[in-house]
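Protein chains: 2
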Amino acid sequence: MGNDIMDLGHMLQPTIMATHTFLNAPALDVLLVPGGIGNRVLADNKDTSVEDFVRLRYGQLDYLLSVCTGSMSLAKAGVLDGRRATTNKGAWAEVIPNGNNVTWVPTARWVVDGNIWTSSGVSAGMDMAYAFLSHLYGKGNEKLAKTMNGIEYAPHTDPHWDPFSVVHKVPGADKNADLSDCVKPVGY
Amino acid sequence: MGNDIMDLGHMLQPTIMATHTFLNAPALDVLLVPGGIGNRVLADNKDTSVEDFVRLRYGQLDYLLSVCTGSMSLAKAGVLDGRRATTNKGAWAEVIPNGNNVTWVPTARWVVDGNIWTSSGVSAGMDMAYAFLSHLYGKGNEKLAKTMNGIEYAPHTDPHWDPFSVVHKVPGADKNADLSDCVKPVGY
Numbered sequence: 001m002g003n004d005i006m007d008l009g010h011m012l013q014p015t016i017m018a019t020h021t022f023l024n025a026p027a028l029d030v031l032l033v034p035g036g037i038g039n040r041v042l043a044d045n046k047d048t049s050v051e052d053f054v055r056l057r058y059g060q061l062d063y064l065l066s067v068c069t070g071s072m073s074l075a076k077a078g079v080l081d082g083r084r085a086t087t088n089k090g091a092w093a094e095v096i097p098n099g100n101n102v103t104w105v106p107t108a109r110w111v112v113d114g115n116i117w118t119s120s121g122v123s124a125g126m127d128m129a130y131a132f133l134s135h136l137y138g139k140g141n142e143k144l145a146k147t148m149n150g151i152e153y154a155p156h157t158d159p160h161w162d163p164f165s166v167v168h169k170v171p172g173a174d175k176n177a178d179l180s181d182c183v184k185p186v187g188y
Numbered sequence: 001m002g003n004d005i006m007d008l009g010h011m012l013q014p015t016i017m018a019t020h021t022f023l024n025a026p027a028l029d030v031l032l033v034p035g036g037i038g039n040r041v042l043a044d045n046k047d048t049s050v051e052d053f054v055r056l057r058y059g060q061l062d063y064l065l066s067v068c069t070g071s072m073s074l075a076k077a078g079v080l081d082g083r084r085a086t087t088n089k090g091a092w093a094e095v096i097p098n099g100n101n102v103t104w105v106p107t108a109r110w111v112v113d114g115n116i117w118t119s120s121g122v123s124a125g126m127d128m129a130y131a132f133l134s135h136l137y138g139k140g141n142e143k144l145a146k147t148m149n150g151i152e153y154a155p156h157t158d159p160h161w162d163p164f165s166v167v168h169k170v171p172g173a174d175k176n177a178d179l180s181d182c183v184k185p186v187g188y
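Top to bottom, those sequences are chains A and B. So for the first sequence, UniProt numbering puts the first residue at 1; every next one is plus one. So for the second sequence, UniProt numbering puts the first residue at 1; every next one is plus one.
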């Protein structure tokens, strides 16, 4: 970074203080594992705590979810073996070697296999979250509709809509699918 | 909350530690004021620090932006007087009395008036952010396209698309506009 004194506070902060450690985390019904740059830092430091936690806890969960490259942690934990799953399409080549017994789905906004839900990158987590909440509470659930319309988000509801698999040239991506999707408020 | 011992850690945390206070914040080029429940807590406690900061700093900014009910803070600061602006459509009735000299736009995903950009609720901030970055760096900017496709978000690019103004029954909302919008990856 050179010899200049640089204030990187705006890039590296604010800090977010976790509520628990992996060791003292309480019993969980639903575990959601995010992805992102943090995962690479852990991998660089040979820190396996995320996948260890997933492996340890999976048996007691009702549901396990991942967003983006979080599915890499799930793959490393072994819980995706024999299952279908997906990941961030820009990081496809980086993620899939971590799961040789995983059926990686190239074109998918998110994938559901049993009680494991995995989504594509970043924003795809929002659409998977809506699908997951619909699964839990019912698509017509009024509170869910109110929440979605309160955050003014018109979700993508088709798990097959995944133009980013084409944008990122994922091998096996469905190049015939429409790149565009039309969305509207929940309940309308 | 009754007599039961309740662990609300999952709802009230994790804590997010700010990098500066209003008093020692550095010079700013762009100030973005979010909205949300925190604003109401401040109002309940007659804490005017957000609008005071906006009023103090506006003259030295290149751009002032707000998301959701953040425009209420901008209105209270007086910087929206004589300008067009919008806000979260679910909180419309709560926000607009704070700016009697503001031209509140009922159907708008976001509004631009001079160097002040105000968006509708929550998710609308994402679309306004893309529009703002397009404004700064150009719509065809490669880095911007890569960023949007990296986060796998297909933005709403029409500031007039605002079905939530209809959902939330905002007076003067454009009821004839299409509630749906078709989106695709940036650059495609």
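No wet-lab data here; the hints were simulated from the structure. Since the model is a prediction, treat every value here as computed from it, not as a measurement. Each residue gets a CB set at the ideal place from its N, CA and C atoms; glycine is no exception. Treat the hints with care, as some may be off.
Claimed, not checked - Partner residues aside, some chain A positions facing chain B, computed with beta carbon under 10 angstroms:
1. Y58
2. D62
3. Y63
4. R84
5. N88
6. P106
7. S120
8. H156
9. D181
10. G187
Unchecked claim - Computed list of lysine to aspartate or glutamate pairs in EDC-like fashion (alpha-carbon distance at most 16 angstroms, straight line):
11. K184/A x D178/B
12. K169/A x D52/A
13. K184/A x D158/B
(request) Identify every previously stated hint that the structure contradicts and give their numbers, smallest first. (result) Violated hints (numbers, rising): 1, 2, 3, 4, 6, 12; every other hint is consistent with the structure.
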